[in-house]
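Colleague: Dock chain one against chain two, each of which comes alone in its own frame, and use the hints as you go.
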Amino acid sequence: DTEVTQTPKHLVMGMTNKKSLKCEQHMGHRAMYWYKQKAKKPPELMFVYSYEKLSINESVPSRFSPECPNSSLLNLHLHALQPEDSALYLCASSQGLAGGANTEAFFGQGTRLTVV
Amino acid sequence: GESVGLHLPTLSVQEGDNSIINCAYSNSASDYFIWYKQESGKGPQFIIDIRSNMDKRQGQRVTVLLNKTVKHLSLQIAATQPGDSAVYFCAETYGGYQKVTFGTGTKLQVIP
Chain A
191 DTEVTQTPKH LVMGMTNKKS LKCEQHMGHR AMYWYKQKAK KPPELMFVYS YEKLSINESV
251 PSRFSPECPN SSLLNLHLHA LQPEDSALYL CASSQGLAGG ANTEAFFGQG TRLTVV
Chain B
68 GESVGLHLPT LSVQEGDNSI INCAYSNSAS DYFIWYKQES GKGPQFIIDI RSNMDKRQGQ
128 RVTVLLNKTV KHLSLQIAAT QPGDSAVYFC AETYGGYQKV TFGTGTKLQV IP
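So the sequence lines, in the order shown, correspond to chains A and B. Under my numbering, think of the first position of the first sequence as 191, with each following residue one higher. Under my numbering, think of the first position of the second sequence as 68, with each following residue one higher.
These aren't lab readings, by the way, just hints derived from the structure by calculation. Just so you know, nobody snuck in bad clues.
Computed beta-carbon distance windows for the label pairs:
{"no.": "1", "chain 1": "A", "residue 1": "Ser210", "chain 2": "B", "residue 2": "Arg118", "range": "33 to 39 Å"}
{"no.": "2", "chain 1": "A", "residue 1": "Lys199", "chain 2": "B", "residue 2": "Pro149", "range": "24 to 30 Å"}
{"no.": "3", "chain 1": "B", "residue 1": "Arg118", "chain 2": "A", "residue 2": "Glu274", "range": "35 to 41 Å"}
{"no.": "4", "chain 1": "B", "residue 1": "Asp84", "chain 2": "A", "residue 2": "Leu244", "range": "43 to 49 Å"}
{"no.": "5", "chain 1": "A", "residue 1": "Arg220", "chain 2": "B", "residue 2": "Glu82", "range": "38 to 44 Å"}
{"no.": "6", "chain 1": "A", "residue 1": "His216", "chain 2": "B", "residue 2": "Gly108", "range": "21 to 27 Å"}
{"no.": "7", "chain 1": "B", "residue 1": "Val137", "chain 2": "A", "residue 2": "His200", "range": "41 to 47 Å"}
{"no.": "8", "chain 1": "A", "residue 1": "Val306", "chain 2": "B", "residue 2": "Arg128", "range": "42 to 48 Å"}
{"no.": "9", "chain 1": "A", "residue 1": "Asn260", "chain 2": "B", "residue 2": "Thr136", "range": "40 to 46 Å"}
{"no.": "10", "chain 1": "B", "residue 1": "Ser95", "chain 2": "A", "residue 2": "His216", "range": "33 to 39 Å"}
{"no.": "11", "chain 1": "A", "residue 1": "Arg220", "chain 2": "B", "residue 2": "Ala96", "range": "21 to 27 Å"}
Sample of chain B residues facing chain A (criterion: CB under 7 Å; computed from the structure):
{"no.": "12", "residue": "Ile101"}
{"no.": "13", "residue": "Lys109"}
{"no.": "14", "residue": "Pro111"}
{"no.": "15", "residue": "Phe113"}
{"no.": "16", "residue": "Asp116"}
{"no.": "17", "residue": "Phe156"}
{"no.": "18", "residue": "Thr160"}
{"no.": "19", "residue": "Gln165"}
{"no.": "20", "residue": "Lys166"}
{"no.": "21", "residue": "Phe169"}
{"no.": "22", "residue": "Thr171"}
{"no.": "23", "residue": "Gly172"}
Every residue, glycine too, gets a C-beta built ideally from N, C-alpha and C.
Excised from the complex, chain B in its bound form (with noise of 0.2 Å):
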């Protein structure tokens, strides 16, 4: 399954299926991007991040594409897990300011 990010702020998965959470962050100059998965009830926790000088990088089951030239970023999910239910924000700052902008997020949902 694959969501449009910000039209569409909830994505439904089978589980076993690989899961694509697109993010379009708003500021050009942005050279770190951190993905974070929240829980219920729970404070955001950090899955993977990537620097502007890479276009991919790879987790464990989940992997991070950037593309700068339209400010696009998402979060690959392999063989998705219940676990996985949660709500995903993707998170941008630059040049080693402390200012982190998160995005609006998206919530997976993982049908057994």
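The shape of chain A in the complex, shown without the other chains (with noise of 0.2 Å):
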């Protein structure tokens, strides 16, 4: 299984709803991503979780809040977005070895989210 699967593919909601987005990984993989992409940009980081502590928020506002119950699951909470928080949200995972060699991370299909 090399998969990392997002849920829900697409959500809409409304700038004062609270929503979560939710990512799954079975690859036994200790490092897991939220990033944000634009239409025709790269993805951009958001969070690092590293064994299932958070190790990198790239300056995040505090409407995104990110959780990870265990090494297999990451979520996003979302409250209070603007329309300009709409984007392709992408979850990635990676074998995340402390202090060892950077290996490849796999990304889910993502969360095409819109704030209206």
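Modeller: Listed below in structure tokens is the structure:
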């Protein structure tokens, strides 16, 4: 199983709503990532979890709140978003060997989020 | 066909020709580089990687070349097929650090 599964595939939410994006992998990877991708732009890193602990927060606004309940799951809680937050949100995972060489990240298909 | 990376975001090639996609990376300390392919509506898909102690690596129909002197990376696709049509991103990271920085991307269009 080399899949990273994201749900939902599409999400439309109002600016006062609270919603969550979910990500799951069963490759035994210990690093998991959230990226945001706007149309015709490269993915931009938001958060990195390493061994279930938040290791990188790229100065993301607090209306985005990540959570890593266990080594296979990663959530992104959304609250009071703005229309400019509309984007493709990608989850990825990699082996994440502490202090070791990097390996490639495997990406999910993303959640297409529209904030109205 | 050959792209010039940031200044030519779209590369059109005839089916069966070879494609060369270029990338200028930003951090001289980067020691691990990856090429990803992203098809419309999908997440990035790993193609090939290379570490800074190498200057060339080959996969199936793809070759990555690394020139650390000028901080340049290229992806060569042999006998380009319609299924190769996608946006290609180079990505860099360093020192085992998990922050991966993506380049701006090049759209490859294969003309049947």
